[in-house]
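Novice: If you want the building blocks of each chain, they are given just below.
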Amino acid sequence: MLFKLILKNIFRARLRSLLTIVGLVIAVIAFGLLRTVVDAWYAGSDMASANRLVTRNSISLTFTLPTYYTERIRAVDGVTQISASNWFAGIYLEPKNFFPQFAVTIPVFFDLYPEFLLPPEQMQAMLRDRTGCIIGRALADSYGWKIGDKIPLQGTIYPGTWEFTVRGIFDARDDTTVTRQMYFHWDYLNERVKQSFPRAADRAGVFVVGIKDGQRAAELSAAIDNEFKNSIAETLTETEKAFQLGFVAQSEAIVGAIRIVSFVVIIIILAVVANTMAMTVRERISEYATLKALGFGPGFVVALIFGESLCLTLLGGLLGIALSFPVIATFKSLIGTIFPVFRLSQETLWWQLGAVIFVGVLAAILPAIRSARIRIVDGLRHVA
Amino acid sequence: MSDSAVSPAEAATTAPPLVRIRNLSKHYTRGDQDVPVLTDISLDIPAGDFLALMGPSGSGKSTLLNLIAGIDKPSGGELTVGGLNIAELTEAELADWRAANVGFVFQFYNLMPVLTALENVELPLMLTDLPRSERRERALLALSLVGLSDRVDHYPNELSGGQQQRVAIARALITDPTLIVADEPTGDLDKRSAADVLALLQQLNREMGKTIIMVTHDPGAVKAATHVTHLEKGELLGTELVAAGD
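Residue numbers (our numbering), protein chains in the order written: chain X, 14 to 397; chain E, -17 to 228.
Hints in this document: simulated from the structure, not taken from any laboratory. Incorrect hints may appear among the rest.
[Claimed, not checked] Restricting the straight-line Cα-Cα distance to at most 25 Å, the calculated cross-link-like pairs of lysine to any residue (SDA-like) are: (1) X/Lys17 x E/Asn67; (2) X/Lys17 x E/Gly220; (3) X/Lys242 x X/Lys345; (4) X/Lys17 x E/Lys55; (5) X/Lys21 x X/Ala287; (6) X/Lys21 x E/Arg133; (7) E/Lys173 x E/Gly129; (8) X/Lys254 x X/Gln359; (9) X/Lys21 x E/Ala81; (10) E/Lys55 x X/Asn64; (11) X/Lys254 x X/Val390; (12) X/Lys17 x E/Arg118; (13) X/Lys21 x E/Glu116; (14) X/Lys21 x E/Leu122; (15) X/Lys21 x X/Lys345; (16) X/Lys17 x E/Tyr10; (17) E/Lys215 x X/Val390; (18) X/Lys21 x E/Pro95; (19) X/Lys207 x X/Asp52; (20) X/Lys21 x E/Val134; (21) X/Lys21 x E/Leu109; (22) X/Lys109 x X/Trp158; (23) X/Lys163 x X/Asn203; (24) X/Lys17 x X/Lys254; (25) E/Lys205 x E/Gly220; (26) X/Lys345 x X/Gln263; (27) X/Lys345 x X/Leu258; (28) X/Lys21 x E/Ser131.
Given only the sequences and the hints, what does the whole structure look like? Please build it.
Specialist: Here's what the structure looks like:
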């Protein structure tokens, strides 16, 4: 009977309930969308491994490091592998067709990233072709590229026209792995740079360093940096995650604002639901008094109010969660390749559900207390 | 109506009264003012009586009814129902006591608008351990007693005022209470419906032996009762026997 009363009460004021549910749906979608934007910002750092360090010039990322550092870093006890990595920033046809391109040490780089799944025969083909490249599955799918296709890029940092042949397409090991980027031989880049800008040759943007034990990351970072202390190009070594978060930190204020707005949305909908519940309870005071007169305790009335509030918010909330998937998919298609990973995470789903329950409970507290406390004789006299 | 006054003592000669009230008082505090509503009320209501409480507005008749029904607490005095001093019960104990011993009939019926007639009647039985089938059976029986067997699935807004009040009476009956309290049960009804409702209450009193206390300001409604008690300005003026056939 309690459940029946709750369900039937929800739709007594149909328009009001409907508007509240619509408000909840919009709020839950907005909350999910904003949190997904925040998640997308951190996507790169999510795929970072504890067993990878990044060594860069301590002044800034725009300053490179000499490649002869490679052997000295490799000599540090605990370091297993090392790959150079240079940001290429080439343009494919038009600047809007942005995707990341890196010149890396192949095949070491792919040994450092076991989450990139590349068939061995494709790696062999890549090793045989100095102008070859390996691209991620998402990138291949978005441009319809396949093995053997040519990708012409207009260099920006490294001027000239560059043409690469797709020799491999890697897949992601899990859904946190980004596959919207392209890798090619660092040696090929260096070879062309030597020809056009000899002074800029034999320089690495960063070194990606593999270590045996992720627990020793801090110790090994210090050991690498000590190796180059007081040298012409001092280094700054940090975990891959810290390195990625360094990029995010540059836009921390925006991310923070988005995060705050996502919670403001919840506070607004809390006010809307609280208002709905206050009006609802006010109209039913005499019914609650009647129930109490018949012998139902204040607990039954409280359960009715909390039940109605929770059912109302869950109805709107679950509908909002369900609609978040197509809305986020549409949003993803509209923003193109700005975010390599843009998906509704399980954590965001739990946040949405949690927010809905939080709103449902909080909105019912004051009306429930009021109804539980009201004297039966006063309640029976009450006119809505 | 008879002119013969019946004292509480006389009324209790044959059996102990169901309701025993001694020096009962009730006052409210408004700001720093003490507003008396009932003063020094002493009254016995025997089991099986149909007592009408009459008086002008503000005389305290509804307050007295609320106190007897256990939905309000007295400020002083003694109030026992069936030998139990209900003034000493806690709120939770009072709720349990009401559920088992009191049936309510309100002026505006106070049915749950989202429940059917059958569900409304069944509602008080939710507080018992009865299985669903038995609850249904009893609710159907109660509705047939008030002549609404053909309206079980109707919602209150699909029933006339008189029918709604009969559903309320069925709800008051369903737990087989010791006492039925009715606050202006005909106050919102047309003459014909009012007569039907009063006839039904009278039938419950005469045929089922239910003790009924009814607040009314309608002299016509008093004729259904066996006794009438007059109140004015919070004081009891006396109890009279209502002549049969009046």
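Novice: So, for every hint listed, does it hold in this structure?
Specialist: Status of each hint after checking the structure:
1. X/Lys17 x E/Asn67: Answer violated: lysine 17 of chain X to asparagine 67 of chain E is near 36 Å, above 25 Å.
2. X/Lys17 x E/Gly220: 47 Å, violated
3. X/Lys242 x X/Lys345: 45 Å, violated
4. X/Lys17 x E/Lys55: 32 Å, violated
5. X/Lys21 x X/Ala287: 19 Å, holds
6. X/Lys21 x E/Arg133: 20 Å, holds
7. E/Lys173 x E/Gly129: 18 Å, holds
8. X/Lys254 x X/Gln359: 21 Å, holds
9. X/Lys21 x E/Ala81: 24 Å, holds
10. E/Lys55 x X/Asn64: Judged against 25 Å, a Cα distance of about 74 Å means the pair is violated.
11. X/Lys254 x X/Val390: Outside the cut-off at roughly 65 Å; violated.
12. X/Lys17 x E/Arg118: 16 Å, holds
13. X/Lys21 x E/Glu116: Holds, because 24 Å separates the two Cα atoms, which is no more than 25 Å.
14. X/Lys21 x E/Leu122: 22 Å, holds
15. X/Lys21 x X/Lys345: 39 Å, violated
16. X/Lys17 x E/Tyr10: Distance of about 38 Å is beyond 25 Å: violated.
17. E/Lys215 x X/Val390: 19 Å, holds
18. X/Lys21 x E/Pro95: Holds - the C-alpha atoms of proline 95 of chain E and lysine 21 of chain X are around 10 Å apart, at most 25 Å.
19. X/Lys207 x X/Asp52: 40 Å, violated
20. X/Lys21 x E/Val134: 18 Å, holds
21. X/Lys21 x E/Leu109: Between lysine 21 of chain X and leucine 109 of chain E the Cα gap is close to 20 Å, so the pair holds against 25 Å.
22. X/Lys109 x X/Trp158: 18 Å, holds
23. X/Lys163 x X/Asn203: 20 Å, holds
24. X/Lys17 x X/Lys254: At roughly 52 Å apart (the allowed maximum being 25 Å), lysine 254 of chain X and lysine 17 of chain X break the hint.
25. E/Lys205 x E/Gly220: 17 Å, holds
26. X/Lys345 x X/Gln263: 23 Å, holds
27. X/Lys345 x X/Leu258: 22 Å, holds
28. X/Lys21 x E/Ser131: Given pair lysine 21 of chain X, serine 131 of chain E holds - Cα atoms ~24 Å apart, limit 25 Å.
In summary, the structure is inconsistent with hints 1, 2, 3, 4, 10, 11, 15, 16, 19, 24 from the numbered list given earlier, while agreeing with the others.
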